[in-house]
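Participant: Dock chain to chain to rebuild the complex, using the hints, since each chain is given by itself in its own frame.
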Amino acid sequence: MPPLVVYGGPVSQPTRAVIWACLMHGLKHELRWTLPAWVTSGEWNTQSPGFLAINPWGTVPTIDDEGFILSESAAILCYLAGKHGWKDVYPADVQQRARVDQYLHWHHEHTRKLSPSLFFPVLRGNPKSPPDIETATKVLTQLEQYLGDKPFFCGDALSVADLLAYCEVGQLQPQFFGLWEFGPSYPNLSRWLAVMAKQPGHDEAHKGGVKFKPKFAEMKQKFEEACLVQL
Amino acid sequence: IFSLSCPFDLFTMVLIIYGTPVSQPVRAVMWACLMHRLPFELKLTLPRRTEAGLGARHPEYLKINPWGTVPSISDDGFVLYEAAAILCYLADKHRWTGVYPTDLLQRARIHQYLHWHHEHTRKLTLNLFGPVLMCSPQTRATTADLSETMAQLEQYLGDKPFFCGDALSVADLLAYCEVGQLQPQFFGLWEFGPSYPNLSRWLAVMAKQPGHDEAHKGGVKFKPKFAEMKQKFEEACLVQL
Numbered sequence: 001m002p003p004l005v006v007y008g009g010p011v012s013q014p015t016r017a018v019i020w021a022c023l024m025h026g027l028k029h030e031l032r033w034t035l036p037a038w039v040t041s042g043e044w045n046t047q048s049p050g051f052l053a054i055n056p057w058g059t060v061p062t063i064d065d066e067g068f069i070l071s072e073s074a075a076i077l078c079y080l081a082g083k084h085g086w087k088d089v090y091p092a093d094v095q096q097r098a099r100v101d102q103y104l105h106w107h108h109e110h111t112r113k114l115s116p117s118l119f120f121p122v123l124r125g126n127p128k129s130p131p132d133i134e135t136a137t138k139v140l141t142q143l144e145q146y147l148g149d150k151p152f153f154c155g156d157a158l159s160v161a162d163l164l165a166y167c168e169v170g171q172l173q174p175q176f177f178g179l180w181e182f183g184p185s186y187p188n189l190s191r192w193l194a195v196m197a198k199q200p201g202h203d204e205a206h207k208g209g210v211k212f213k214p215k216f217a218e219m220k221q222k223f224e225e226a227c228l229v230q231l
Numbered sequence: 001i002f003s004l005s006c007p008f009d010l011f012t013m014v015l016i017i018y019g020t021p022v023s024q025p026v027r028a029v030m031w032a033c034l035m036h037r038l039p040f041e042l043k044l045t046l047p048r049r050t051e052a053g054l055g056a057r058h059p060e061y062l063k064i065n066p067w068g069t070v071p072s073i074s075d076d077g078f079v080l081y082e083a084a085a086i087l088c089y090l091a092d093k094h095r096w097t098g099v100y101p102t103d104l105l106q107r108a109r110i111h112q113y114l115h116w117h118h119e120h121t122r123k124l125t126l127n128l129f130g131p132v133l134m135c136s137p138q139t140r141a142t143t144a145d146l147s148e149t150m151a152q153l154e155q156y157l158g159d160k161p162f163f164c165g166d167a168l169s170v171a172d173l174l175a176y177c178e179v180g181q182l183q184p185q186f187f188g189l190w191e192f193g194p195s196y197p198n199l200s201r202w203l204a205v206m207a208k209q210p211g212h213d214e215a216h217k218g219g220v221k222f223k224p225k226f227a228e229m230k231q232k233f234e235e236a237c238l239v240q241l
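In order, the protein sequences belong to chains A and B.
Numbering of the first sequence is given in our numbering, commencing with residue 1 and proceeding in unit increments.
Numbering of the second sequence is given in our numbering, commencing with residue 1 and proceeding in unit increments.
Same shape as in the complex, but just chain B (with noise of 0.2 Å):
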């Protein structure tokens, strides 16, 4: 369980996350939290839906995000979007240099990785995973342009421990988020095999990470459900050809 129950007013300084743990980015927020045993109380929110109380798309939510996207987090009343700024916020706010050091380099290194990741790594969910969710074959994208993507991951680590060096950072939780969950053990979207050494010897290290397993509870009881979208979607490619 993710949040704490408290009777006193003191609750509502706990941190919270807007956001769902089938959500990449959200993930990697809860993991950094887990990590560093920051307690924070997950709401909720669902994107594209306009439910009171649920939807990324009520009013409500509309307010704190006028994009309607997760994460965001509200920290006590400080309100913020967009899971690379949050991540280093966090980290800035709670002095977890391991993951965010104060190194100039280190941190340039740890910038050019998060910004690089939208148009790069991000492809892979809203290319293959969302696709699968929302059942839109029309969106999926062909496997030359995921392999072209993964091809760049695996050169963008190369043989370094870690995306950007020799420790793990809220890059390598970024990243992982959105690889990880190709895995056979999560969504079963991508065989990583022999052709991607780099990437394989990471996501074994990296599911061995403090928090990981928790911070993937969520997207683990999803399985079940996605494995039947799944189905349904290669029925609808069938269909499409």
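Chain A with its partners taken away, still in its complex shape (with noise of 0.2 Å):
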């Protein structure tokens, strides 16, 4: 049987998310790095015609599971979760799956804002787009008060909502690209990721984030320079 294929890269969040419940899973999968248009021109990227053919909406991740192509890491977590049985990370009990549903939806409008309020902008390099620090700061105090005093989002259990949470949030963090301090005002989600990164495959799943980390450090120290410039 041919491993399951993940089309996406280290770098991007969503992709992170599914190759870490793989990993944490045990399940065999092939990385095929595609990264979005606007970071590489190189051969594979969202944009390129073959891309195109497989996911329309040059989005990452895509996997291809023996011919079945599926887009959205949430779609794909929950897919995934349900076909190997991974009834810990996604709940067979209906109102527990909700409140993971729940999240899962919430997470668009919510913590996927974080990427194009702190990073992209890094990546991207252009001062007169800077970070959006106060979507940021809004975000956070949500997830916050979403989190509250509960283990993981979801409840007592670690979920696939924790594993899309954390490659948001996670990220931010000095260990990987320094782009939040999260310290005393945020105890809950300081407890939560700690909490996560002992979790079975996050030293694996983020070691492609890792090695990026000298590179972004550089970019990011370019865009500050340039941002003040600006001013």
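Keep in mind the hints are simulated off the structure, nothing from the lab.
There may be inaccurate statements among the hints.
Below are the DSS-like pairs computed for lysine-lysine, each with C-alpha atoms no more than 30 Å apart in a straight line [unchecked claim]:
| # | chain 1 | residue 1 | chain 2 | residue 2 |
| --- | --- | --- | --- | --- |
| 1 | A | Lys220 | A | Lys207 |
| 2 | B | Lys208 | B | Lys43 |
| 3 | A | Lys83 | B | Lys93 |
| 4 | B | Lys123 | A | Lys138 |
| 5 | B | Lys208 | B | Lys63 |
| 6 | B | Lys217 | A | Lys87 |
| 7 | B | Lys123 | B | Lys43 |
| 8 | A | Lys28 | A | Lys138 |
| 9 | A | Lys28 | A | Lys198 |
| 10 | B | Lys43 | A | Lys138 |
| 11 | A | Lys198 | A | Lys215 |
| 12 | A | Lys113 | B | Lys123 |
| 13 | B | Lys63 | A | Lys150 |
| 14 | A | Lys83 | A | Lys128 |
| 15 | B | Lys123 | A | Lys128 |
| 16 | A | Lys150 | A | Lys83 |
| 17 | B | Lys217 | B | Lys123 |
| 18 | A | Lys198 | A | Lys213 |
| 19 | A | Lys222 | A | Lys128 |
| 20 | A | Lys150 | A | Lys128 |
| 21 | A | Lys198 | A | Lys150 |
| 22 | A | Lys220 | A | Lys150 |
| 23 | A | Lys87 | A | Lys128 |
| 24 | A | Lys128 | A | Lys215 |
| 25 | B | Lys208 | B | Lys160 |
| 26 | B | Lys93 | B | Lys217 |
| 27 | B | Lys93 | B | Lys160 |
| 28 | A | Lys211 | A | Lys222 |
| 29 | B | Lys217 | A | Lys138 |
| 30 | A | Lys150 | B | Lys93 |
| 31 | A | Lys113 | B | Lys63 |
| 32 | A | Lys83 | B | Lys160 |
With the Cβ distance kept under 7 Å, some of the chain B side facing chain A (calculated, not the full set) [claimed, not checked]:
| # | residue |
| --- | --- |
| 33 | Lys63 |
| 34 | Glu82 |
| 35 | Ala85 |
So these bits of chain B aren't anywhere near chain A, every CB distance computed over 12 Å [claimed, not checked]:
| # | residue |
| --- | --- |
| 36 | Ala83 |
| 37 | Cys135 |
| 38 | Gln152 |
| 39 | Pro197 |
| 40 | Lys221 |
Here the structure is a predicted model, which is why all the values come from computation and not from measurement.
From the three backbone atoms N, C-alpha and C, an ideal C-beta is built for every residue, glycine too.
Facilitator: As structure tokens, then:
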């Protein structure tokens, strides 16, 4: 049986969540590097004809599971969980599942804003599009509230919701891209981040991100300088 | 009428939907219930308003849904928000396997649409309907941007009968409540015509589905008020130029 093919890259937050779920459950997969067109003009980018033939929306992650093509990370996570019986991270109980689905949908207009607010501006390096600290603060405050004193976003057990959330929030920490100080203003998130970092598959899933760290630090430096010149 | 009159405590066991028929995702949830004859009580809850017993920004409602959005449901005490999550929950609980099949691949296709919806179809309300409602010309998207969203929808549907294949699903209910409202018989915000053969075909089929008319009654009632708002909005846009 050929392995699951995942199109994307370790620097794509939702791709990381899918890879992590696979690693956590020992599911063999092949990562085919596909990066957004605005990041690379190389052969395998999301606007290349080859990729658009697979996913006309040109988004990552996309999977090819023995010919079944699926995009949208939340849909992919739930599909893999359903197929491989990962009831630990996507429960069978109707109410518990609904709580996970609620987060997965809420994520789009909230948590997902973190990357365009803080991460993408550095990659784009355009001082006319500076980081959006206001949106990031608002979202992180909401996340602090959503999590509350629960161990995980949807209750007592880690779920696919946490994987998706961590890949947006976790990357901001100093040990990754250094884009946010969590500290005492975010006691719930700080607690949760520490717990998530110890989960199976975490380090492996973030290896590629860690490799990118020095390059990102350079870009961040240049970008901060350019923003200062702009002022 | 949506609510049941029942003098006994049983009343608390009826599904409560918080929202307004003017809200697209609320309509989708109501439609699913009407289609499957699941009784519910609609507790009128208006976004951005703060009055007790009415406003989604009132502390009582924020206890149910801290983000002040609609729809939310209370199902015998179980509270849930996000229309897509609500649709899937009700479908699973009541075994509406027609609109939310248990087949793994088919369900995945539906999930793919439900998630794609947020950053695509939902733009129609946020960038076209919302600006009129709030009379804010600066938040209306350009015709070019809206055409792009519409073209994507036309492409997503393709020549399939419904968004996720041969059968109507919760994806279609959610999509229709964004797209259908734009038609002349509702709020008159888009001309579908010959540029959108797939969407035009699908819109006509969706309008004949069980529960469609009942689900859209509240929206139809709002039509004259909306037409007034549209007039004011268009004047405001001209002033803007």
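Participant: None of the hints should be skipped; say for each whether it holds.
Facilitator: Okay, the hints, checked on the actual structure:
1. A/Lys220 with A/Lys207: Cα-Cα ~20 Å, so holds.
2. B/Lys208 with B/Lys43: 27 Å, holds
3. A/Lys83 with B/Lys93: 20 Å, holds
4. B/Lys123 with A/Lys138: 21 Å, holds
5. B/Lys208 with B/Lys63: 38 Å, violated
6. B/Lys217 with A/Lys87: 41 Å, violated
7. B/Lys123 with B/Lys43: Roughly 26 Å between the alpha carbons, so the hint for lysine 123 of chain B and lysine 43 of chain B holds.
8. A/Lys28 with A/Lys138: It is violated: about 38 Å lies between the C-alpha atoms, which goes past 30 Å.
9. A/Lys28 with A/Lys198: 21 Å, holds
10. B/Lys43 with A/Lys138: 29 Å, holds
11. A/Lys198 with A/Lys215: 25 Å, holds
12. A/Lys113 with B/Lys123: Answer holds: lysine 113 of chain A to lysine 123 of chain B is near 15 Å, not above 30 Å.
13. B/Lys63 with A/Lys150: At roughly 17 Å apart (the allowed maximum being 30 Å), lysine 150 of chain A and lysine 63 of chain B satisfy the hint.
14. A/Lys83 with A/Lys128: 45 Å, violated
15. B/Lys123 with A/Lys128: With Cα atoms ~25 Å apart, lysine 123 of chain B and lysine 128 of chain A stay inside 30 Å; holds.
16. A/Lys150 with A/Lys83: The hint holds at about 28 Å.
17. B/Lys217 with B/Lys123: 23 Å, holds
18. A/Lys198 with A/Lys213: 20 Å, holds
19. A/Lys222 with A/Lys128: Holds, because 14 Å separates the two Cα atoms, which is no more than 30 Å.
20. A/Lys150 with A/Lys128: Violated - the C-alpha atoms of lysine 128 of chain A and lysine 150 of chain A are around 39 Å apart, more than 30 Å.
21. A/Lys198 with A/Lys150: 17 Å, holds
22. A/Lys220 with A/Lys150: 34 Å, violated
23. A/Lys87 with A/Lys128: 46 Å, violated
24. A/Lys128 with A/Lys215: 21 Å, holds
25. B/Lys208 with B/Lys160: Between lysine 208 of chain B and lysine 160 of chain B the Cα gap is close to 17 Å, so the pair holds against 30 Å.
26. B/Lys93 with B/Lys217: Measuring from Cα to Cα gives roughly 26 Å; hence the hint holds.
27. B/Lys93 with B/Lys160: OK: lysine 93 of chain B and lysine 160 of chain B at ~28 Å, within 30 Å.
28. A/Lys211 with A/Lys222: Given that 30 Å is the threshold and the Cα spacing comes to 19 Å, the pair holds.
29. B/Lys217 with A/Lys138: 37 Å, violated
30. A/Lys150 with B/Lys93: 25 Å, holds
31. A/Lys113 with B/Lys63: Cα-Cα ~24 Å, so holds.
32. A/Lys83 with B/Lys160: 25 Å, holds
33. Lys63: It is violated, given that the least Cβ distance between lysine 63 of chain B and chain A is near 13 Å, above 7 Å.
34. Glu82: This interface hint holds because 4 Å falls under the 7 Å limit.
35. Ala85: Holds, because the Cβ-Cβ distance from alanine 85 of chain B to chain A comes to roughly 4 Å (cut-off 7 Å).
36. Ala83: Since the minimum Cβ distance to chain A is about 8 Å, alanine 83 of chain B lies within 12 Å and the statement is violated.
37. Cys135: 23 Å, holds
38. Gln152: 8 Å, violated
39. Pro197: 18 Å, holds
40. Lys221: Holds, because the least Cβ-Cβ distance between lysine 221 of chain B and chain A comes to about 28 Å, which exceeds 12 Å.
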